[in-house]
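K.L.:
Here is what each chain is made of, one letter per residue.
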Amino acid sequence: MNDVKKSVVAVIDYGMGNLHSVAKALEFVADENTQVVVTSDPAVIDAADRVLLPGVGAIRDCIGEMYDAGLVPSIRKAMAEKPFLAICVGIQSLMSHSEENGGVDCLDHFKGNALFFGEQHKDHDGSKLKVPHMGWNQVKHTIDHPLWKGIPDNARFYFVHSFYVVPENKSEVAGTCDYGLEFCVALSRNNVFAVQFHPEKSHKDGLQLYKNFIHWDGKPSLANND
Amino acid sequence: MGLAKRIIPCLDVDNGRVVKGVQFLDIRDAGDPVEVAKRYNEQGADEITFLDITASSDDRATTVHMVEAIASQVFIPLTVGGGIRTCEDIRRMLNAGADKVGINTAAVFNPEFVREAAQRFGSQCIVVAIDAKKVSAEGETDKWEIFTHGGRKPTGLDAVEWAKKMVEYGAGEILLTSMDRDGTKNGFDLGVTRAISEAVHVPVIASGGVGNLDHLVDGVLEGKADAVLAASIFHFGEYSIQQAKDRMSDAGIEMRL
Numbered sequence: 009m010n011d012v013k014k015s016v017v018a019v020i021d022y023g024m025g026n027l028h029s030v031a032k033a034l035e036f037v038a039d040e041n042t043q044v045v046v047t048s049d050p051a052v053i054d055a056a057d058r059v060l061l062p063g064v065g066a067i068r069d070c071i072g073e074m075y076d077a078g079l080v081p082s083i084r085k086a087m088a089e090k091p092f093l094a095i096c097v098g099i100q101s102l103m104s105h106s107e108e109n110g111g112v113d114c115l116d117h118f119k120g121n122a123l124f125f126g127e128q129h130k131d132h133d134g135s136k137l138k139v140p141h142m143g144w145n146q147v148k149h150t151i152d153h154p155l156w157k158g159i160p161d162n163a164r165f166y167f168v169h170s171f172y173v174v175p176e177n178k179s180e181v182a183g184t185c186d187y188g189l190e191f192c193v194a195l196s197r198n199n200v201f202a203v204q205f206h207p208e209k210s211h212k213d214g215l216q217l218y219k220n221f222i223h224w225d226g227k228p229s230l231a232n233n234d
Numbered sequence: 038m039g040l041a042k043r044i045i046p047c048l049d050v051d052n053g054r055v056v057k058g059v060q061f062l063d064i065r066d067a068g069d070p071v072e073v074a075k076r077y078n079e080q081g082a083d084e085i086t087f088l089d090i091t092a093s094s095d096d097r098a099t100t101v102h103m104v105e106a107i108a109s110q111v112f113i114p115l116t117v118g119g120g121i122r123t124c125e126d127i128r129r130m131l132n133a134g135a136d137k138v139g140i141n142t143a144a145v146f147n148p149e150f151v152r153e154a155a156q157r158f159g160s161q162c163i164v165v166a167i168d169a170k171k172v173s174a175e176g177e178t179d180k181w182e183i184f185t186h187g188g189r190k191p192t193g194l195d196a197v198e199w200a201k202k203m204v205e206y207g208a209g210e211i212l213l214t215s216m217d218r219d220g221t222k223n224g225f226d227l228g229v230t231r232a233i234s235e236a237v238h239v240p241v242i243a244s245g246g247v248g249n250l251d252h253l254v255d256g257v258l259e260g261k262a263d264a265v266l267a268a269s270i271f272h273f274g275e276y277s278i279q280q281a282k283d284r285m286s287d288a289g290i291e292m293r294l
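Chains A and B, in that order, give the protein sequences. One gets our numbering by counting positions in the first sequence from 1 and adding 8 to each. One gets our numbering by counting positions in the second sequence from 1 and adding 37 to each.
Okay, chain B solo, but in the shape it has when bound (with noise of 0.2 angstroms):
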């Protein structure tokens, strides 16, 4: 008895369409945003992310319009990223009928725009995403850095520091992406996981590089994950929503079964 484990799948939407690259390369293309939302609410996804990574901004109108159908006919909570900079953003998407945004790169440039959004919007709201690299050699003190643009552009900051500070700014979640694992299928990076869950007293969603669900398990059990997402394997019906519940109920994971 008590508060379930959350299994999140992700919907990278680039132009419209549900993609899912491989280390941020190599689009494969997995179908309409609504008809795969909710196809994952019918599975029992707990809670779903949309990420928009349309490259230019003509196409916020498009998100908007996606964001609202999504949100008219699956009712579990909706999480939408991708290109948040300004409380305007935010409201829109709010009022489209997301959940949570997630401020990514915005908050890495401006950390006051996190603080000046959980004040106006309230942090239950707020996700801080974070794009966390390792940079410390083998052997050394495990040290992951903050990157921006797809995990080409070092920052110089701490990721779990970082991850502290934006609890302080009101984040009230964290998603934290591994660069080195996303779109690998070699598992989350469960050190760095470890790391961010143990230091914040908010949830924090794990995410990048999952290829099967004993990762999922790893992530929850090792990694200390409140929640783990995953894009491409339920994209490309390798594995249902349903089989990953199942595995990590069997794991001895508190599920929404």
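Next comes chain A alone, as it looks inside the complex (with noise of 0.2 angstroms):
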């Protein structure tokens, strides 16, 4: 056993599949002190210092295991007090509502909704885009934040989604992707950040937004708290 105690990244198993690619990208950029579980436990993700909310698939089946399995108030009482970030689904599982499915209530952190681009969606000058956003595109940074050090305005993070996030509060919004419309890629407020894309599967940015967390003390700013 080691003797210094290790800080713990819990990737949260809501029974929604393929976390692989999560863990091993988080394991990739983990330094020596820092220890990635994937679990279901709700007692294990009270007690991570830091907490990630993948998703994948459909949204009422999300919100649904989330429930069934308990994870709820542990997901709360992590948004409430350490660092947290929500992925793909996971950042549309954290607003009021969702289109999906016939509607579905979610998880209500961030004011606003889910909404679906259309089978007809159509780019600035009409052409015909297609759905699933399925692809690497440009996030470019409307704040700047922690999670975004070392990491270029405009890069390219690959995204599949075919649901997009309209926040109310827009100063809640810390990036943006264009794809027919500007739409919001990335939510933060305090020590919760989440984002539309796929870091894990984002090549070099991806890997390092996934370090930043990594060290991410969950505070919001860049201020001289180094």
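Be careful, since some hints might not be right.
Computed, partial: chain B to chain A, Cβ under 10 angstroms [claimed, not checked]:
#, residue
1, A41
2, R43
3, F146
4, S160
5, E235
6, P240
7, E275
8, R293
Taking CB as the label site, the calculated pair distances span [to be verified]:
#, chain 1, residue 1, chain 2, residue 2, range
9, B, E79, A, R68, 23 to 31 angstroms
10, A, V52, B, Q110, 34 to 42 angstroms
11, B, G193, A, G110, 34 to 42 angstroms
12, B, V172, A, V52, 55 to 63 angstroms
13, B, F273, A, V52, 45 to 53 angstroms
14, A, P81, B, L294, 14 to 22 angstroms
15, A, P81, B, R97, 49 to 57 angstroms
16, B, E79, A, S48, 48 to 56 angstroms
17, B, D287, A, G126, 31 to 39 angstroms
These are calculated hints, taken from the structure and not from any lab test. Even for Gly, the Cβ is constructed at its ideal location relative to N, Cα and C.
Using the supplied hints, reconstruct the complex from the two chains, each of which is provided in its own coordinate frame.
P.N.:
Below is the structure:
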């Protein structure tokens, strides 16, 4: 056993499948003092130093599984007190509501909704755009944030989604992307950060974001706190 | 500013080695899949497709280990195809670290499998692979048909209608291979690529026939493909991924450079 207590990153497993790449990417950038744990145990989440909420699949199943597995209280507790990062459907699950699956109430951490691009989605010039929005798109930083550290503005990240978030409070938007319309792809409030793209699939800039998360103290500003 | 078109190197893997045949014959060895995937990742590939062409299913465990090894070291999207016939096959590949699975023959014989898979795992990870061959004669209206068994068996299914049906059933992406062009180095069949890309609302990956970098440009500009897939031009060092991206970017295509 190691004498030094390791800093634990809990990746929440709520039965929605593939967490392998999220965990592997975190392990790839973790230093020797960091331990990555994939867990569905509320006690482990409660005890973790930081928490990552992944998401894949349909929103109704995601929210349903979070409640069925008894994880919602731990998710809310983590969002209230420690560095917390939500990914892909994870960001959508933090909104008030999603129009996917005929309409689903979500965790309501950020006021606002997740909307469908629509099968007739068009670019600014009227040309057809494919849905899902799948591939590498540029992310514009709308605020400075510790999680953007070392990542160039307008760097490309990997996306795959058909729904996008529209927060009511625009000051919570941390990054945007353009796909027929400019939409929010990163949200920030206090110790909670959420992104629509997949850092674990976004090569070096994605790994940098995970590295930033592992070292983040949960403060949203870049103020001279180091 | 906007979504980039993708370059996807494809690893055809037989008994644990990357190979590439010319119209499914004359197999050449191109190395260890994990090493090849890492090389493409370093060169800036946007995704990697791993196609298991092992004839027997005995080596499925080998494939799972290889996918695990790649997914632990390569942090870009990984699609695994070949021999995906059941939801259990899909689950195993996703758990090994694949982001998407390619369903080909199984979709032809049992379209409901695509629906079931999309409902269970989400459309975002279901790629339906279509092997099409031109069946119209010179002078007739263009028509393409779905073929199975490496292009040997016709099915009577119209390729464009089939693509639309697969999207209705839940395919999140279409991987379209021209069996006339695969391995020929004569370029994509741009007609079928464009016909299918314009008929469906999901992304279409063009495959089969790339012999030079201009073929990749044509696939996007004329074929309207969202992504281009190639194997041999990259495997044997003729071109690097970066060279391909530069050429496409020079042609005015939005790329991740």
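K.L.:
Indicate, hint by hint, whether the structure satisfies it.
P.N.:
Here's how the hints hold up against the structure:
1. A41: 5 angstroms, holds
2. R43: 5 angstroms, holds
3. F146: Result: violated, 25 angstroms to nearest chain A Cβ.
4. S160: 7 angstroms, holds
5. E235: 8 angstroms, holds
6. P240: Holds, about 5 angstroms.
7. E275: Check failed: Cβ of B/E275 comes no nearer than 24 angstroms to chain A, outside 10 angstroms.
8. R293: OK, holds: B/R293 within 10 angstroms of chain A, min 4 angstroms.
9. B/E79 to A/R68: 23 to 31 angstroms: Violated, since B/E79 and A/R68 (Cβ atoms, about 40 angstroms apart) do not stay within the stated range.
10. A/V52 to B/Q110: 34 to 42 angstroms: About 27 angstroms separates the Cβ atoms of A/V52 and B/Q110, which means 34 to 42 angstroms is violated.
11. B/G193 to A/G110: 34 to 42 angstroms: 37 angstroms, holds
12. B/V172 to A/V52: 55 to 63 angstroms: Check passed, 58 angstroms falls within 55 to 63 angstroms.
13. B/F273 to A/V52: 45 to 53 angstroms: This hint holds: roughly 49 angstroms between Cβ atoms.
14. A/P81 to B/L294: 14 to 22 angstroms: 45 angstroms, violated
15. A/P81 to B/R97: 49 to 57 angstroms: Taking Cβ atoms as reference, A/P81 and B/R97 lie about 41 angstroms apart, which means the hint is violated.
16. B/E79 to A/S48: 48 to 56 angstroms: Violated, since B/E79 and A/S48 (Cβ atoms, about 35 angstroms apart) do not stay within the stated range.
17. B/D287 to A/G126: 31 to 39 angstroms: 33 angstroms, holds
When held up to the earlier numbered hints, the structure conflicts with 3, 7, 9, 10, 14, 15, 16 and fits the remainder.
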